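Asks: One letter stands for each residue in the lines below.
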Amino acid sequence: MRTAACIAAVLFLLGAGIHATQAQEASAVAASPSAASRGQYVFNLAGCTSCHTDEKNKGPLLAGGVPLKTPFGTFYGPNITPDPTYGIGAWSEADFVRALREGRGRDGAHLFPVFPFTSFTRMTDEDAKDLWAYLRTVPAVPTPNKPHDVGFPFNVRLGQMVWKWIFFSPGRFRPDPAKSAEVNRGAYIVQALSHCGECHTQRNLLGGVDTAKALAGNTRGPDKDAVPNITPDPDTGIGKWSDADLTDLLKDGMTPEGDFVGGSMAEVVRNTTGKLSGADARAVIAYLRSLPPIRNKVEEKKSP
Amino acid sequence: MNQGWRLGAAAAGVAVLLGVAVVAEAQNAPAQITQRQEAMKGQGAAVRTLTQMVRGEQPWNQQAARQAATTINNTAKMIPSLFPQGTGAEAGVKTAALPAIWQNKADFDAKAKTLEEESAKLMAANDEAAVKAQFPNVGKACGGCHENYRAKQQ
Chain A
511 MRTAACIAAV LFLLGAGIHA TQAQEASAVA ASPSAASRGQ YVFNLAGCTS CHTDEKNKGP
571 LLAGGVPLKT PFGTFYGPNI TPDPTYGIGA WSEADFVRAL REGRGRDGAH LFPVFPFTSF
631 TRMTDEDAKD LWAYLRTVPA VPTPNKPHDV GFPFNVRLGQ MVWKWIFFSP GRFRPDPAKS
691 AEVNRGAYIV QALSHCGECH TQRNLLGGVD TAKALAGNTR GPDKDAVPNI TPDPDTGIGK
751 WSDADLTDLL KDGMTPEGDF VGGSMAEVVR NTTGKLSGAD ARAVIAYLRS LPPIRNKVEE
811 KKSP
Chain B
70 MNQGWRLGAA AAGVAVLLGV AVVAEAQNAP AQITQRQEAM KGQGAAVRTL TQMVRGEQPW
130 NQQAARQAAT TINNTAKMIP SLFPQGTGAE AGVKTAALPA IWQNKADFDA KAKTLEEESA
190 KLMAANDEAA VKAQFPNVGK ACGGCHENYR AKQQ
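Listed in order, the protein sequences are those of chains A and B.
The opening residue of the first sequence carries number 511 in my numbering; numbering runs sequentially from there.
The opening residue of the second sequence carries number 70 in my numbering; numbering runs sequentially from there.
Here chain A stands alone, though its shape is the one from the complex (with noise of 0.2 Å):
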């Protein structure tokens, strides 16, 4: 009786167990609303609609179209509204984790690095999976992807696996057991979700960031700019700034001059920085501020 009943208890918990795992991966169930508002700030934190959503032509919410600039080509963010046909509808939440995890379409290919996975890799399975939950809510727009305007050798995707092996570690983001929980939650944001050094960290001429240097500035940035050392060097960095100045840069992209920060920064204010709570704002400035202070002047864009 015992046994049976034991059975019993096994195999429910295994066919819950199973159904679960069916329910997460069938597009059309719901996730909980928690798990798609608590994806709503991963989303607003990663930044997705800069590069997925066309604002400067009042493209509709991930619809993609935005042309990104690299010296390889010009990319176009793709569709990732869950149409079936133009967007990932038919993706399930692992082929999502893994091109958030590893770089790789659903059909396996290579993405391009364009799309940020060298950082994304670091988040955590949950924030992974609240992403995916709000990434359902949205519209589904029947909107084709634009083709990158990429030349060779750069649009061979065998090339990408190179790439990879050279510049690409793939792996969950490891809290530094020394540093405070808020210093860490910090970091988590800064090199997970919003991907700072993507464009802070300088780029060597293959497109990798230069590691070591990690947030001292880039002088191959998006758009040509320029992008500033955010590490705390006193000189060359944000070192003098104040607590109130690094808080209102992250909210209105103030700087200590009384200047508002132009071009993508703008943009990431606007959409992901300016978005920060309270608590994850201070987080973010912890972390920066526990970073070895770089000594690296960005060389201000040459005229014309």
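Don't read these hints as lab results, they were simulated from the structure.
As the structure is a computational prediction, the values presented were derived from the model and not from experiment.
Heads up, the beta-carbon is just placed ideally off N, CA and C, and yes, glycines get one too.
Keep in mind that a hint or two might mislead.
[Claimed, not checked] Computed footprint of chain B on chain A; a stretch qualifies when at least three of its residues, placed anywhere within it, have a C-beta under 8 Å from a C-beta of chain B:
# : segment
1 : 759-771
2 : 777-783
[Said to hold, decoys possible] Each computed DSSO-like pair below joins lysine-lysine, with the alpha-carbon atoms no more than 30 Å apart:
# : chain 1 : residue 1 : chain 2 : residue 2
3 : B       : Lys209    : A       : Lys568
4 : A       : Lys566    : B       : Lys163
5 : A       : Lys734    : B       : Lys110
6 : A       : Lys761    : B       : Lys182
7 : A       : Lys566    : B       : Lys190
8 : B       : Lys174    : A       : Lys566
Go by the hints and put chain B onto chain A.
Replies: Relative to chain A, chain B alone:
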């Protein structure tokens, strides 16, 4: 015959004057660029004054706050005319003004108008609390224009 000759001469004179004016304007571009950069620096100084008061880093001074808001408002009114044709990168002088300004002049001017309106509200703010409440809207107006029309670093 007399009139024809004079008409021709007058027309030629006008053409010469117009040509001189065009050349003069093009030659003036560096000066105009410097002038507007100074105006923008003035904006920054006014914003800094207000920021310090809003943060409590400087003692509250209603008159100074109103003066700073007035500076921002006066410059905002001038912005459309501070960016005439020919004063972009083509002037050959260092400027953060993006070509998008002249491709979307109507939108650019509209954004300047927004700054004018928000700073006018700031001028009308009667006490510290009102200034604190309205100041972020001024900041948003600054950033809203810079996002598309100004290079990230000059």
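Asks: Take the hints in turn and mark each one as holding or not.
Replies: Hints versus structure:
Counting residues of the segment 759-771 of chain A whose C-beta sits closer than 8 Å to any C-beta of chain B gives 9, which meets the bar of three, so the coverage hint holds. Counting residues of the segment 777-783 of chain A whose beta-carbon sits less than 8 Å from any beta-carbon of chain B gives 3, enough to reach three: the coverage restraint holds. Taken as a hint, the Lys209/B and Lys568/A pair is honoured in the structure, with Cα atoms around 19 Å apart against an allowance of 30 Å. In summary, the hint linking Lys566/A to Lys163/B is supported, as the alpha carbons are separated by about 26 Å, within the 30 Å threshold.
Restraint check: the Cα-Cα separation between Lys734/A and Lys110/B comes to about 24 Å, which is no more than 30 Å; the hinted pair holds. About 23 Å separates the Cα atoms of Lys761/A and Lys182/B, which keeps this hinted pair within 30 Å; it holds. Pair hint Lys566/A plus Lys190/B holds up; C-alpha atoms about 28 Å apart against a cutoff of 30 Å. For the proposed pair Lys174/B and Lys566/A, the alpha carbon gap of about 15 Å is at most 30 Å, so the pair holds.
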